[in-house]
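Asks: As given, the protein sequences belong to chains A and B, one line each in that order.
Letter by letter, the first sequence follows residues 1 to 549 of the working numbering.
Letter by letter, the second sequence follows residues 1 to 346 of the working numbering.
Treat the hints loosely; a few may be bogus.
[Unchecked claim] What the simulated footprint calls covered on chain A by chain B, stretch by stretch (three residues with Cβ under 8 Å from a Cβ of chain B suffice, anywhere in the stretch; the number is not a length):
1) 354 to 368
2) 371 to 378
3) 384 to 392
[What the hints assert, rightly or not] Taking lysine to any residue pairs in the SDA-like style, the calculated list, with each CA pair at most 20 Å apart, reads:
4) A:LYS379 with B:ASP13
5) A:LYS48 with B:HIS70
6) B:LYS294 with A:HIS396
7) A:LYS379 with B:GLU7
8) B:LYS96 with A:ARG369
9) B:LYS294 with A:LYS279
10) B:LYS292 with A:SER535
11) B:LYS292 with A:ASP386
12) B:LYS96 with A:GLN367
13) B:LYS96 with A:PHE383
14) B:LYS294 with A:MET530
15) A:LYS278 with B:PRO11
16) A:LYS501 with B:ASP159
17) A:LYS279 with B:ASP159
18) B:LYS96 with A:ARG216
19) A:LYS308 with B:ARG73
20) B:LYS96 with A:PRO538
21) B:LYS96 with A:HIS396
22) A:LYS278 with B:ASP159
23) B:LYS162 with A:GLN388
24) B:LYS96 with A:MET530
25) B:LYS162 with A:ASP386
26) A:LYS379 with B:LYS292
27) A:LYS379 with B:THR10
28) A:LYS279 with B:GLU8
29) B:LYS292 with A:GLU462
30) A:LYS278 with B:THR10
31) A:LYS48 with A:ARG216
Hints listed in this document are in silico derivations from the structure and should not be mistaken for laboratory results.
For every residue, glycine included, the Cβ atom is placed at its ideal position computed from N, Cα and C.
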Amino acid sequence: MVAGMRQEDQARILTEVQSRILQSVCAGADRGGPQLDEVLADSIFHEKRRLKEQKDSRSRRDELEFYYAVQKKMQRASDKVHGDLVGKIARRYGREIAGNFNERIYQTVTKTGAPAMGLLLNAVSPKRLLRRFPELPTVDDAVVIQGEIEQLRRLHEKGTVILVPTHVSNLDSIIIGFALYKLGLPPFIYGAGLNLFDNPLVGFFMHNLGAYTVDRRKTDPLYKRVLKEYATLTLEHDYDNIFFPGGTRSRSGAIETRLKLGLLGTGMKAYINNLRRKKPGSNIYIVPATLSFQLVLEAETLIDDFLKDVGKARYIITDDEFSKPTRVLDFMQQVFSLDSKIYFTIGRAYDPFGNDVDDEGNSLDPQGRPFDIRYNVLKNGEFVHDSQRDAEYTRHLGTRLSEAYLKDNVVQATHVTAHAMFNELRKQNPKADLMRLLRSGSHSEDVDMRTLYKEVDRLVKELKGLHDRGGIRLGPVVQRGLADEVVQDGLQHFDIYHAEKALTRRGDRVFPTDRALLFYYSNRLEGYRMHREASLLPALTEDHRALRA
Amino acid sequence: MILTDAEELTPLDDAVAIIGGGSFARAVGRVLSHTPADVRMWARRKAARTHLKKSIQNVTVVDDLEEAVHRARLVVIGVSAAGLNDVASQLGPILKGDQVLLHGVRGVGEDFVLPHDVICRHTAARKIAVLGGPLYFDELKHGRPLVALVASKFRSVVDEIKALTQGTPVKVHGSHDVTGVELAGVMSNITHLATGLSNALKFGETARGVLATHGLSEAQILGVHLGAQLSTFSGLAGIADLIPRPIKATARHHHLAKGLVDNVELDKLLDKADGSVEGVNSVREAAELARKHKLTLPLINALDEVLFHGRPPAEAIEEVLQLDLMLGQEALRSSQLLPSGVSARG
Chain A
1 MVAGMRQEDQ
11 ARILTEVQSR
21 ILQSVCAGAD
31 RGGPQLDEVL
41 ADSIFHEKRR
51 LKEQKDSRSR
61 RDELEFYYAV
71 QKKMQRASDK
81 VHGDLVGKIA
91 RRYGREIAGN
101 FNERIYQTVT
111 KTGAPAMGLL
121 LNAVSPKRLL
131 RRFPELPTVD
141 DAVVIQGEIE
151 QLRRLHEKGT
161 VILVPTHVSN
171 LDSIIIGFAL
181 YKLGLPPFIY
191 GAGLNLFDNP
201 LVGFFMHNLG
211 AYTVDRRKTD
221 PLYKRVLKEY
231 ATLTLEHDYD
241 NIFFPGGTRS
251 RSGAIETRLK
261 LGLLGTGMKA
271 YINNLRRKKP
281 GSNIYIVPAT
291 LSFQLVLEAE
301 TLIDDFLKDV
311 GKARYIITDD
321 EFSKPTRVLD
331 FMQQVFSLDS
341 KIYFTIGRAY
351 DPFGNDVDDE
361 GNSLDPQGRP
371 FDIRYNVLKN
381 GEFVHDSQRD
391 AEYTRHLGTR
401 LSEAYLKDNV
411 VQATHVTAHA
421 MFNELRKQNP
431 KADLMRLLRS
441 GSHSEDVDMR
451 TLYKEVDRLV
461 KELKGLHDRG
471 GIRLGPVVQR
481 GLADEVVQDG
491 LQHFDIYHAE
501 KALTRRGDRV
511 FPTDRALLFY
521 YSNRLEGYRM
531 HREASLLPAL
541 TEDHRALRA
Chain B
1 MILTDAEELT
11 PLDDAVAIIG
21 GGSFARAVGR
31 VLSHTPADVR
41 MWARRKAART
51 HLKKSIQNVT
61 VVDDLEEAVH
71 RARLVVIGVS
81 AAGLNDVASQ
91 LGPILKGDQV
101 LLHGVRGVGE
111 DFVLPHDVIC
121 RHTAARKIAV
131 LGGPLYFDEL
141 KHGRPLVALV
151 ASKFRSVVDE
161 IKALTQGTPV
171 KVHGSHDVTG
181 VELAGVMSNI
191 THLATGLSNA
201 LKFGETARGV
211 LATHGLSEAQ
221 ILGVHLGAQL
231 STFSGLAGIA
241 DLIPRPIKAT
251 ARHHHLAKGL
261 VDNVELDKLL
271 DKADGSVEGV
281 NSVREAAELA
291 RKHKLTLPLI
301 NALDEVLFHG
311 RPPAEAIEEV
321 LQLDLMLGQE
331 ALRSSQLLPS
341 GVSARG
């Protein structure tokens, strides 16, 4: 069971998932969509294929047996039997998504209420590790929580909140969990990749602090429907949720622009269902949030994945830095030693249609006047779902969120230094395309400090202008705006963590020692049209998922 | 207390509101007066309202905008681009999210803001549709059907307008490319300014065809820049609308062009015009947009120079006629609008 969820809710939600899925499959069949037996055949096909490839799964035999049994039963059976089987599969998926809840651990966690990161370390707690790090990193000092904190608190009281953060690192969910705890909010529930549950560091939290399971290897369309329905129902039962609308950690390092509208759309579904059953506090609030790190734990793996297979993110990386506890602890120890800050910025809330929301929870029209959004889903006196209409509303919400991410992103020294350096490399090698530049096949290699300072200075000025117009947030070093200080802070960070530094200074020259990493950190400034003054085109395509040639 | 928990919902009226007193609003009023829906018309000026009362039967002309619009199933905006801002800001507090807005504006606001964006800046309305296509209202006099294109991001909005025009001589086609259809309307007026100049200069039929093709090409460039679908421009709202039309808007643009060739000052021509000549302002805003974003729009630039920088029309049009015609991909590439589509491996 998902943490923070009452046992009776969990049971009711699972029953409702099953009946709604069956209902919608039947309705789809009546409309000429896939028939019940086709849906079943699809499930069997996808699951058998998955299980064939996934030889390491502990439950493989069990699962295969289950699907063989379904296959046998569905032959020459009636629609009624087919319906029962669809319900059975849906229930099975639902149970797996909801996971197992350990009441005892949950109690300990909530009672002691220790900050999540300390708990995390205790949970790992091999004494060897603790001896290596006599001083536990204090997350308290390292995480800066800022932005629309008060509005988030109030909206949590008025309706149901979906927090939609940008996704950079697997540390995100831990930091967000910690931040919500610091704000005195109960844990939000969220879907975490199945692979994370086996992670020695955070598996513990995943199971017990509000996570439900998402198995990205399951390609069965029915599974995705169950997943969405489950999220919808938790919202309808008043559980605040966290969705990562980018779907996966940003591979390029850039802020995500193409958002997963399917999951976002569950907010609209839940809202309409709430209206239909006249639920008090029916409103759903979508609150964007951004996380900004000077250094990213998994940077090397992520950018490597991006360059290997541009545009087709692998989705499941099981062997990255995050899966190695010592690496994570190293990372934290070193990052915190530099007085480095992780910014968690909460943005202004939106309603499911993408309208602004005031602190009272009212939707605002573009002129700032409160108005009644219920009419948006009203048809002939009733609140109705309309998939095309609702997808359009959600698309608009997605656009607003992308804008919010750009505005709330906190730019820090590593980003500016990397961006300036990358710009200089591009300018010095006008004929090399980006891929060649990244494979270090460029003609001109290094940049002298003065040139770098000059470009940093130019960027900082541009960023400050953008900041004054409310277009971006700046970390303190960038805010002070001294080029040499920015570069120093950037280089210092690059020095301490990555195996191969992104940048290395030798005398009065700087060398791009790991161009992929340089590119990764530089990409945090993609999407701001900062390139124009340097007469460079953006390095990434508009969806930030591929290189522009 | 949250607003939406408190207020009672009020149902829609089976009524259509038409805003504006010009020829477009009147034509729409006449068409819809034959439907079962109540038609409530409103125009800002009292004289216009009096004229509406006299000229159209079977509609109610009201003195108050809110009275016309309140809970009307469909609200038709039949004003010029210059009047749209004002109307939209008045509509903001009146409209509710289940009402459909249909506009026929064929011009742009400051900074080339398209009509649906003007509406979205002032109101929370989303169910917005644009009316495009040839719209030869004169056909109706001869008992022939009228073809219109209605574009909205919402399929249900197009369906609703189709349902409302059932039984009228209007055949409504649907599209979801709001930006494209609006832009096609804007470019049609701009192109009619160019062909009007060419006519007045007696450059002949070929020149007119070439200029129309330039208009289409530049519509595509602007279209890609603003996120329209290219196929829109070869459809009802595009090509079908570039054919010279015996309607008032076209005539106004041609008339103004003739005046320019005769060396009459632009201000005087605009003062004398019988209604708004949307193309003039659209040219200025499009030329500005092109400068800002480095778009290659030779026809629009030529018109901008003639209208606002005193360049002799003959010289400017002649120059455009000498240019290589770039259509489709080539034109887009020259404005750096084509995604290269080359992957990192490439």
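Asks: Look at each hint and say if it fits the structure.
Replies: Evaluated hints:
no.	hint	in the structure
1	354 to 368	holds (count 8)
2	371 to 378	holds (count 8)
3	384 to 392	holds (count 4)
4	A:LYS379 with B:ASP13	holds (12 Å)
5	A:LYS48 with B:HIS70	violated (58 Å)
6	B:LYS294 with A:HIS396	violated (28 Å)
7	A:LYS379 with B:GLU7	holds (17 Å)
8	B:LYS96 with A:ARG369	holds (13 Å)
9	B:LYS294 with A:LYS279	violated (53 Å)
10	B:LYS292 with A:SER535	holds (14 Å)
11	B:LYS292 with A:ASP386	violated (40 Å)
12	B:LYS96 with A:GLN367	holds (15 Å)
13	B:LYS96 with A:PHE383	holds (14 Å)
14	B:LYS294 with A:MET530	holds (17 Å)
15	A:LYS278 with B:PRO11	holds (18 Å)
16	A:LYS501 with B:ASP159	violated (59 Å)
17	A:LYS279 with B:ASP159	violated (31 Å)
18	B:LYS96 with A:ARG216	violated (41 Å)
19	A:LYS308 with B:ARG73	violated (54 Å)
20	B:LYS96 with A:PRO538	violated (41 Å)
21	B:LYS96 with A:HIS396	holds (18 Å)
22	A:LYS278 with B:ASP159	violated (29 Å)
23	B:LYS162 with A:GLN388	holds (17 Å)
24	B:LYS96 with A:MET530	violated (40 Å)
25	B:LYS162 with A:ASP386	holds (18 Å)
26	A:LYS379 with B:LYS292	violated (43 Å)
27	A:LYS379 with B:THR10	holds (12 Å)
28	A:LYS279 with B:GLU8	holds (15 Å)
29	B:LYS292 with A:GLU462	holds (18 Å)
30	A:LYS278 with B:THR10	holds (16 Å)
31	A:LYS48 with A:ARG216	holds (15 Å)
When each numbered hint is compared with the structure, violations occur for hints 5, 6, 9, 11, 16, 17, 18, 19, 20, 22, 24 and 26.
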